[in-house]
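Per UniProt numbering, the sequence shown runs over residues 1 to 325.
There's no promise every hint is true.
Stated by the list, open to error - Derived EDC-like pairs (lysine to aspartate or glutamate); straight-line CA-CA distance at most 16 Å: (1) Lys194 to Asp244; (2) Lys191 to Glu237; (3) Lys283 to Asp109; (4) Lys194 to Glu174; (5) Lys282 to Asp32.
In short, the hints are calculated from the structure, not lab data.
Keep in mind it's a predicted model, so treat the numbers as computed, not measured.
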Amino acid sequence: MTRPRILFTSYHRESQKSFIFSAPEYDNKDDDIYSSVMARYDMTISDPDYYMIYGSVNGFYCFVGVSSNPLCNLITVYNPTTRQIVKLPDVMSNGRHVDALLGYDPVKDQYKVLCVVMFEPERQDNQHDYFVCTLSSSQKQEWRKIENPIGDSYNDVVLGHTCIDGALYYGVGESRMVRFDVRSEKIEFIKIPKTSHISTLYHSALINYNGKLGGLERSDTENLMTLWVLEDAEKLEWSSMTCDLPYQDATLASVVPQGMIHGGDSMVFCPPFCVCYYDFEKKSIRTVEIRGIEDGDRDLRLLGFGELIGETLCHPSHIENIRFL
1 MTRPRILFTS YHRESQKSFI FSAPEYDNKD DDIYSSVMAR YDMTISDPDY
51 YMIYGSVNGF YCFVGVSSNP LCNLITVYNP TTRQIVKLPD VMSNGRHVDA
101 LLGYDPVKDQ YKVLCVVMFE PERQDNQHDY FVCTLSSSQK QEWRKIENPI
151 GDSYNDVVLG HTCIDGALYY GVGESRMVRF DVRSEKIEFI KIPKTSHIST
201 LYHSALINYN GKLGGLERSD TENLMTLWVL EDAEKLEWSS MTCDLPYQDA
251 TLASVVPQGM IHGGDSMVFC PPFCVCYYDF EKKSIRTVEI RGIEDGDRDL
301 RLLGFGELIG ETLCHPSHIE NIRFL
């Protein structure tokens, strides 16, 4: 298996293109406290209707876009290794907010997209709807509506979901998160500690921590990052560890926890293009500068990128997968 990489998506507002880059992940066998790696250009998404919001599942990513028709939404899955883009049927949202998350069932070797059409309390005659689409090259892609047995609702999906052993987890705020079983297509809520913000903050991410559900959160007021781990899923027992981040207050606003890398370190992304890896067991931190994406870079000018104006997202543990869906 090739070494996992970090994927970067830079959205250029002027050209309305998304540029996809990747760089090698830090090897925790290295002893250097500070180092740099060169990013590689992978592909360009030229369709202005799409933007990527969620992380990798075995090398595949899910896009959610805005259609010219306000009553429906555009959802795609893409593979930056093969450059395959799978456009799914339109979701009739009737103007409501839509999120889509990719999950994987290792038992049946199936990829599924969960589409959540949000409940909006200020609107009449609307409800919280769930749809599922199974990705398969041998059958037609179509959405199936599934029941919401929990009978509860929320207004938004927090960035930073994770898929562990066939279960998709995502935050919805208010000290809780959602668990979606990819195979059975069942949905349930999971409570999180009241002192935790892993399901509510922009500066947070759900992660796979050595096979257990975990969450990283960065304090809004201090240079601190906390790791939460669900030690006992039945009893809902959580543990936590805290580390100091080596940033000044002016930089702290841009620091975003991203998840775990293959070596077990926690990773945070600090634009412009600086990645830090923290080992909670050794209490050590290493910084890696990502070169080749910065403003004015020659390769970017040749690609028509020009000056970086827009948003850059970072996704760790990207696996190069040659599979076609």
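Check: Quick one, are lysine 194 and glutamate 174 close enough, alpha carbons at most 16 Å?
Finding: holds, 9 Å
Checklist line | Straight-line alpha-carbon gap lysine 282 to aspartate 32, limit 16 Å | finding: Distance of about 15 Å is within 16 Å: holds.
Notebook entry, point to check: Are the Cα positions of lysine 283 and aspartate 109 separated by 16 Å at most?
Noted result: violated, 37 Å
Next item on the list: For the pair we were handed, lysine 194 and aspartate 244, check the Cα-Cα distance against 16 Å.
Entry: violated, 22 Å
Note to self: Run the distance test for lysine 191 versus glutamate 237: straight-line Cα separation, threshold 16 Å.
What the structure shows: Since the Cα atoms of lysine 191 and glutamate 237 sit roughly 10 Å apart, the hinted pair holds (cutoff 16 Å).
Consistency with the previously given hints fails for numbers 1, 3, ordered from lowest to highest.
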